[in-house]
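Asker: Given the structure of chain A, go ahead and fit chain B onto it with the hints provided.
Chains as they are written, first to last, in my numbering: chain A, 1 to 437; chain B, 1 to 437.
Simulated from the structure, these hints should not be mistaken for laboratory data.
Fair warning: there could be bad hints in the mix.
Which copy is meant is left open, because identical chains are indistinguishable; a pair holds if it fits in one copy or across any two.
To be verified - DSBU-like, lysine-lysine: derived pairs with alpha carbons at most 30 angstroms apart:
no.: 1; residue 1: Lys177; residue 2: Lys382
no.: 2; residue 1: Lys285; residue 2: Lys73
no.: 3; residue 1: Lys18; residue 2: Lys2
no.: 4; residue 1: Lys151; residue 2: Lys203
no.: 5; residue 1: Lys255; residue 2: Lys311
no.: 6; residue 1: Lys247; residue 2: Lys18
no.: 7; residue 1: Lys18; residue 2: Lys415
no.: 8; residue 1: Lys177; residue 2: Lys50
no.: 9; residue 1: Lys257; residue 2: Lys203
no.: 10; residue 1: Lys203; residue 2: Lys108
no.: 11; residue 1: Lys396; residue 2: Lys18
no.: 12; residue 1: Lys18; residue 2: Lys75
no.: 13; residue 1: Lys90; residue 2: Lys396
no.: 14; residue 1: Lys203; residue 2: Lys381
no.: 15; residue 1: Lys203; residue 2: Lys73
no.: 16; residue 1: Lys136; residue 2: Lys255
no.: 17; residue 1: Lys271; residue 2: Lys177
no.: 18; residue 1: Lys108; residue 2: Lys396
no.: 19; residue 1: Lys255; residue 2: Lys151
2 protein chains.
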Amino acid sequence: MKRTPISQVAGHIGKEVKVAGFAQTIRDQGSIKFIILRDISGVVQAVVLKDSAEAMEVAGRLSTESVIEITGKVKSEKQAPGGFEISAEKISILSLADPELPIPVIEKGQEETDQSIRLDWRWIDLRKPERTLIFKVWTLMEQAFREYWTKNGYIEIHSPKFMSTPSESGAELFEVKYFERKAYLAQSPQFYKQMGMAAGFEKVFEVGPVFRANPSFTSRHDTEFTGYDVEISFVESHQDPMNEEQKAIRYAIEKIKEGYGEEILKYYGRKLVVPSLPFPQITMKEAKEVLGRLGVPSEKDGDLSPEEERKLSEYVKEKEGHEFVFITEYPIDVRPFYHMRLETDPSLTKSFDLLWDGLEITTGAQREHRYDVLIKQAKEKKVKLEPIQFYLNFFKYGCPPHGGFGLGPSRMLMKVFNVANVREVTYLYRGIKRLAP
Amino acid sequence: MKRTPISQVAGHIGKEVKVAGFAQTIRDQGSIKFIILRDISGVVQAVVLKDSAEAMEVAGRLSTESVIEITGKVKSEKQAPGGFEISAEKISILSLADPELPIPVIEKGQEETDQSIRLDWRWIDLRKPERTLIFKVWTLMEQAFREYWTKNGYIEIHSPKFMSTPSESGAELFEVKYFERKAYLAQSPQFYKQMGMAAGFEKVFEVGPVFRANPSFTSRHDTEFTGYDVEISFVESHQDPMNEEQKAIRYAIEKIKEGYGEEILKYYGRKLVVPSLPFPQITMKEAKEVLGRLGVPSEKDGDLSPEEERKLSEYVKEKEGHEFVFITEYPIDVRPFYHMRLETDPSLTKSFDLLWDGLEITTGAQREHRYDVLIKQAKEKKVKLEPIQFYLNFFKYGCPPHGGFGLGPSRMLMKVFNVANVREVTYLYRGIKRLAP
Numbered sequence: 001m002k003r004t005p006i007s008q009v010a011g012h013i014g015k016e017v018k019v020a021g022f023a024q025t026i027r028d029q030g031s032i033k034f035i036i037l038r039d040i041s042g043v044v045q046a047v048v049l050k051d052s053a054e055a056m057e058v059a060g061r062l063s064t065e066s067v068i069e070i071t072g073k074v075k076s077e078k079q080a081p082g083g084f085e086i087s088a089e090k091i092s093i094l095s096l097a098d099p100e101l102p103i104p105v106i107e108k109g110q111e112e113t114d115q116s117i118r119l120d121w122r123w124i125d126l127r128k129p130e131r132t133l134i135f136k137v138w139t140l141m142e143q144a145f146r147e148y149w150t151k152n153g154y155i156e157i158h159s160p161k162f163m164s165t166p167s168e169s170g171a172e173l174f175e176v177k178y179f180e181r182k183a184y185l186a187q188s189p190q191f192y193k194q195m196g197m198a199a200g201f202e203k204v205f206e207v208g209p210v211f212r213a214n215p216s217f218t219s220r221h222d223t224e225f226t227g228y229d230v231e232i233s234f235v236e237s238h239q240d241p242m243n244e245e246q247k248a249i250r251y252a253i254e255k256i257k258e259g260y261g262e263e264i265l266k267y268y269g270r271k272l273v274v275p276s277l278p279f280p281q282i283t284m285k286e287a288k289e290v291l292g293r294l295g296v297p298s299e300k301d302g303d304l305s306p307e308e309e310r311k312l313s314e315y316v317k318e319k320e321g322h323e324f325v326f327i328t329e330y331p332i333d334v335r336p337f338y339h340m341r342l343e344t345d346p347s348l349t350k351s352f353d354l355l356w357d358g359l360e361i362t363t364g365a366q367r368e369h370r371y372d373v374l375i376k377q378a379k380e381k382k383v384k385l386e387p388i389q390f391y392l393n394f395f396k397y398g399c400p401p402h403g404g405f406g407l408g409p410s411r412m413l414m415k416v417f418n419v420a421n422v423r424e425v426t427y428l429y430r431g432i433k434r435l436a437p
Numbered sequence: 001m002k003r004t005p006i007s008q009v010a011g012h013i014g015k016e017v018k019v020a021g022f023a024q025t026i027r028d029q030g031s032i033k034f035i036i037l038r039d040i041s042g043v044v045q046a047v048v049l050k051d052s053a054e055a056m057e058v059a060g061r062l063s064t065e066s067v068i069e070i071t072g073k074v075k076s077e078k079q080a081p082g083g084f085e086i087s088a089e090k091i092s093i094l095s096l097a098d099p100e101l102p103i104p105v106i107e108k109g110q111e112e113t114d115q116s117i118r119l120d121w122r123w124i125d126l127r128k129p130e131r132t133l134i135f136k137v138w139t140l141m142e143q144a145f146r147e148y149w150t151k152n153g154y155i156e157i158h159s160p161k162f163m164s165t166p167s168e169s170g171a172e173l174f175e176v177k178y179f180e181r182k183a184y185l186a187q188s189p190q191f192y193k194q195m196g197m198a199a200g201f202e203k204v205f206e207v208g209p210v211f212r213a214n215p216s217f218t219s220r221h222d223t224e225f226t227g228y229d230v231e232i233s234f235v236e237s238h239q240d241p242m243n244e245e246q247k248a249i250r251y252a253i254e255k256i257k258e259g260y261g262e263e264i265l266k267y268y269g270r271k272l273v274v275p276s277l278p279f280p281q282i283t284m285k286e287a288k289e290v291l292g293r294l295g296v297p298s299e300k301d302g303d304l305s306p307e308e309e310r311k312l313s314e315y316v317k318e319k320e321g322h323e324f325v326f327i328t329e330y331p332i333d334v335r336p337f338y339h340m341r342l343e344t345d346p347s348l349t350k351s352f353d354l355l356w357d358g359l360e361i362t363t364g365a366q367r368e369h370r371y372d373v374l375i376k377q378a379k380e381k382k383v384k385l386e387p388i389q390f391y392l393n394f395f396k397y398g399c400p401p402h403g404g405f406g407l408g409p410s411r412m413l414m415k416v417f418n419v420a421n422v423r424e425v426t427y428l429y430r431g432i433k434r435l436a437p
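So here's chain A without its partners, still in its complex pose:
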């Protein structure tokens, strides 16, 4: 007999089904036992009656969260959740759970267990339907981005994570013992997605881990995370990658809302809004002026603090009714040497960040593809040329003008679900003090 997903049991009233999943709740009323069984698709109530002696005996040995298989008839039952239940004729134990669960799966009427304890037992924490939902949405979101990219002629790359030199800067770098020498873990696919442009690939995307030895304990940081990276050729300015990005994000949010909008509202109270195009834009200079008028203290010239990001997003939301805003034209001192500079003001770069509801989810720019200019800018920034000569060479034998961005899917999900901590939307968080499970 084939297993029926629990979400489809309702269609089998009067018929026999086989279901399997976790015994979420076991209620013993002496001559009758109730089991709430949970699989990936939902929950169903099974009832075990005295006259099914064998099933009764097995049910008597069950512990909460054991994995079982139940065979029985689906019957209408007014008092059961959903108006039906399975009358268990046979129960098989596939995996008996230790009766002492370290954390509860259903935390009714109590404060949720402390996050660090939940992370210790992450796989039990993930059994909660509202947590599983996060990864169903991640799956859909990633597929939506990929649909956008593959339909629009992008080539997918998987660039190496081992490098002989840092990809961004020497700071926050992980060092690997690599046979008789040292290697470093890529802090982003930046150099290698640009290599794709020099290879004539024209449009590339990459999804993969990026590694940052970030010593901070904030709710937004981790030592490794998944990055979405995009680079496109024959751009005229940073407006081209911005345009590609906003279209892809809109497409993804549309798909998420379609697929899981109701569940996100139900479990997280978040009403997803499909953003209109184009997203609002503001230059860094204008942003600082606005923030000054609002009386928000500026911590650093040419860059925004988390507090400034929040206030600016609030301002844009109020003024334009939009959750997104691009900040453009960052000054050269807060951007890496490879960002192209504005023709009209070479103290500014053709760069952008994207804020979603106060959180930075993207950094992007048009890159400098002219070999001589790139070298000049590297020297100005006191970047040593020799270790990055392999990168500089990409621009020596013909390379189209290009630009791109990096997008953090876990940051996107923080905003999709309105959760404040990246650890909740990461399958298994890694931080300075956390390498387990």
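Answerer: This is chain B only, laid out in the frame that chain A set:
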């Protein structure tokens, strides 16, 4: 004026177009110059005539592989490739290539440049249409696998690459300086995809890098490569993941053939065959008997050498007309402790490898999900329990029976293109001696 992809220029005869790409060939016939321009979609001939003085002047300064933009009218021209050409009115140089190209893009009438030199200048090597094709096919193949998985209810995971202990064995492990301690790079997502089963995710897939400090220099090995990993719950035996795998592979090959079958045949002489279902199967015991009869020397009991894999595939192809064959029931001494054992013969595991035309592309198994049995098997294999207690815990609080496999996309592509070396189908190969570019 909007840029026209070169593949669409033929539809604009009599009209003006703007095209951009690499100047693949420049032929100077004095009063007339010809440029073969290449973009991601194809090549087109542009002609520069004396009466376009400005364009003529720019064309005179061009070096091969420079990136340029050409504006001009599309004209029928019998002698041009494809029967038309662009009469260049304006040429802009976007990026002037150094006249001394380290390796040629078009290697007509000569032996191809040595592989290790081509890898030094990988981005120029990748400009060759037959190499770009590999990554167009990779993009399509990966999207096809994902379509199969997402349509069938799989959840995508991105598991951490930092671990506190080895995921597979202590051998071939990369060590990372992790703040004040050590971490190790995941040799596979094995433990964490199994965690997804304990979390009740039921079906998961992951695409990501795996790291192996493999000291060998073979044409099949590298120190990091992309892995496709799958794990599914409520399996009855290893036949369930095998069945899922063969369906996904068939789907992907169908899509590849549809999209690029002709180009693969043209450039690589490989006629793709969509495999029929089910794939042939043979137990390891039967395989050894067959190979014995064929007179192929056995290097190791219960495992196949590359030579044996080739001969066995030849045998199956001749006998059953099939390029694929599953080898099942590997003995316990060549499989890790977490592979489930056969009820009928506990010296054998519920495991499989998949060969495609003589090359191993997969290893898979049903896993042991019973905590007590798992511990017993680990002890028998002399695996230290303490470092993997976090993994063993996954099975302590309820875990469905499950199984899965790992699939190497670069090995798939070696067979799609009939190339003997994994370096040709990897965006940027990493080996003991190679960390650059």
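Asker: Check each numbered hint from earlier against the structure, then list the numbers of those it violates in ascending order.
Answerer: Violated hints: 2, 7, 8, 17; rest satisfied.
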